[in-house]
Amino acid sequence: KAGVTQTPRYLIKTRGQQVTLSCSPISGHRSVSWYQQTPGQGLQFLFEYFSETQRNKGNFPGRFSGRQFSNSRSEMNVSTLELGDSALYLCASSFGRDSMNTEAFFGQGTRLTVV
Amino acid sequence: GQNIDQPTEMTATEGAIVQINCTYQTSGFNGLFWYQQHAGEAPTFLSYNVLDGLEEKGRFSSFLSRSKGYSYLLLKELQMKDSASYLCAVEQDYGQNFVFGPGTRLSVLP
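Protein chains in written order, with this note's numbering: chain B, 1 to 115; chain H, 1 to 110.
Please keep in mind that the hints were generated in silico from the structure rather than gathered at the bench.
Even glycine gets a Cβ: it sits at the ideal position worked out from N, Cα and C.
Worth double-checking, as some hints may not be accurate.
If the Cβ cut is set under 8 Å, some of the chain B residues that face chain H in the computed set are [unchecked claim]:
id	residue
1	Y10
2	I12
3	T14
4	G16
5	P39
6	F64
7	L90
Pair by pair, the computed Cβ-Cβ distance ranges are [stated by the list, open to error]:
id	chain 1	residue 1	chain 2	residue 2	range
8	B	Q18	H	R59	39 to 47 Å
9	B	S51	H	A16	44 to 52 Å
10	B	R111	H	S27	39 to 47 Å
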């Protein structure tokens, strides 16, 4: 079956701009989580969506937002980009807690560079 | 606070056994996961523990002690392709809300 697909794979933006990243989960998965990965901070949880509702949110400023559509695809938006937002953004999909199968599958990520 | 500790780097020889330790202190606990991440690639799921004890999956085993806030990942019959970062992650509450450790970079030498 097709894996988790993230687009675009690479992105270069200028400070102050905004960016939208997309994540298509594995078919049948209803939970999508977003993570930021940097060399200094490691993997940090941004938020999680399940059935179009945000269920959990990490400790990131309001510039980071997301949404999930009825087909479970999710988008993440970062407004007023800062240099420190340069990172690999990963999304992970799973069946969600309704299922005993808790395994989460990660996409290849979007590498965002802010200049 | 929330804290997950892992050794930063480990080195082992092909064919050997290596144990990667993880200690955690988190506000919630719904399970502990181990992920493998090769450089430039996405993390891939290795194991999941929610009850105390050992879970075995081929060459990989993972152990959990909830009372001690401790887990380890055991890799047997090491292969060169096992050179990667190994991430310990605690799911804090309902919904894939993971807290990740800093990762352990394992180098397997011939």
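Hints, verified against the model:
1. For the restraint placing Y10 (chain B) at the interface with chain H, the shortest Cβ-Cβ distance is roughly 12 Å, beyond the 8 Å limit, so the hint is violated.
2. Given the 8 Å rule on beta carbons, the hint for I12 (chain B) is violated: about 17 Å separates it from the nearest Cβ of chain H.
3. Of the supplied interface hints, the one on T14 (chain B) is violated, with its beta-carbon coming no nearer than about 25 Å to a beta-carbon of chain H, more than 8 Å.
4. Here the hint on G16 (chain B) is broken, as its CB sits about 29 Å from the closest CB of chain H, past 8 Å.
5. Hint status for P39 (chain B) relative to chain H: violated, with the closest Cβ pair at about 10 Å, above 8 Å.
6. With a least beta-carbon distance of about 15 Å to chain H, the hint placing F64 (chain B) at the interface is violated under the 8 Å criterion.
7. A least Cβ separation of about 6 Å between L90 (chain B) and chain H falls short of the 8 Å threshold, and the interface hint therefore holds.
8. For the pair Q18 (chain B) and R59 (chain H), the beta carbons lie near 45 Å from each other, so the given range of 39 to 47 Å is met.
9. The hinted window of 44 to 52 Å between S51 (chain B) and A16 (chain H) holds, with their beta carbons roughly 46 Å apart.
10. Distance hint check for R111 (chain B) and S27 (chain H): the Cβ-Cβ separation is about 31 Å, which falls outside the suggested range of 39 to 47 Å.
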